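Asks: Residue numbers are given in full-length UniProt numbering: position 186 of the sequence shown equals residue 186, and the series is strictly consecutive.
Don't take every hint at face value.
Taking lysine to any residue and the SDA-like style, the derived pairs with C-alpha atoms no more than 20 Å apart in a straight line are [what the hints assert, rightly or not]:
no., residue 1, residue 2
1, K110, A75
2, K160, E174
3, K149, F170
4, K90, P153
5, K149, A80
6, K110, A80
7, K110, K90
8, K149, T216
9, K110, L72
10, K160, V148
11, K90, D152
12, K160, L142
13, K90, L142
14, K90, I35
Calculated from the structure, these hints are not laboratory results. This structure is a prediction, so every number in the text was calculated from the model and none was measured.
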Amino acid sequence: MRREKLQRILPWVATPVLVLVLCGVWEVAVARLGISTLILPPPSMIGARLVELMRDPVTWQQAGITATETVLGFALAVLAGVVIGVTLGKVFWLEVSLRPIIVALQVVPKVAFIPLLVIWFGFGMTSKIVISAMLAFFPIMLNVLLGVKSLDPGHRDVMKSLNASKWQTFTNLEVRSIMPYLLAGMESGIIFALIGTIVGEYLGGSEGLGYMVVSTLNQLDAPGLFGVVVMLSALGLVLYFCVFALKRFLIPWHESVYGQGVTA
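Starting from the given sequences, assemble the full structure and let the hints guide the process.
Replies: Dropping the structure here:
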């Protein structure tokens, strides 16, 4: 019990202490080594600039745009990933036929498609949503496909012996079996979705936090650039923990959640 209590408390103590130590070393190193603030600003300067950014209503508007694009792209990726993953998992010949295409599309750098997507969908939110969905789609689809193919045939036989209908088999067996794989893919997918949004805004956008990265870079505002990066990191953490909370809500019975609940 003492060990479990320590494991539960330790992250809330050790992590802030490590961050403070890192910031202290960073601050002293910049001052002692005479590093230019244009190259590496100290944490105190970054913190002051971050406060200025957070007081500006425009910053929150830009953050809202990035969050909206990410969530919409992620939702689109989940929908497409579930439909295609389940279909490929159930239709063997279709999976075998499309497997080379899936592998080819997966290994192609998605950034290469961004100029083309900007031409097709313009510089607005639509192109960023599509880019976000493209990056998040593959981990979700592949995990769903793995979940469908990992279903134990013996469990299907048990459902048949109980005279369960196809709908009962789907809801009580297949959905429960696929859900852990889907949510595992969603945990990775939400990060890729945010990366896609940021890259889209960075290369072909006029709004959002990704665009603010370009703007602060062009202004040689290094503290502002680090401040925007901190905001992007915070947004990524919020989105990730939202998906993680959904995982704990939907599959509290699964070992991946139950085990974390015991030891975390």
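Asks: Please go over all the hints and tell whether each is borne out by the structure.
Replies: Hint check:
no.	hint	in the structure
1	K110 <-> A75	holds, 18 Å
2	K160 <-> E174	holds, 13 Å
3	K149 <-> F170	holds, 14 Å
4	K90 <-> P153	holds, 13 Å
5	K149 <-> A80	holds, 18 Å
6	K110 <-> A80	holds, 17 Å
7	K110 <-> K90	violated, 28 Å
8	K149 <-> T216	violated, 48 Å
9	K110 <-> L72	holds, 18 Å
10	K160 <-> V148	holds, 18 Å
11	K90 <-> D152	holds, 13 Å
12	K160 <-> L142	violated, 28 Å
13	K90 <-> L142	holds, 13 Å
14	K90 <-> I35	violated, 59 Å
Consistency with the previously given hints fails for numbers 7, 8, 12, 14, ordered from lowest to highest.
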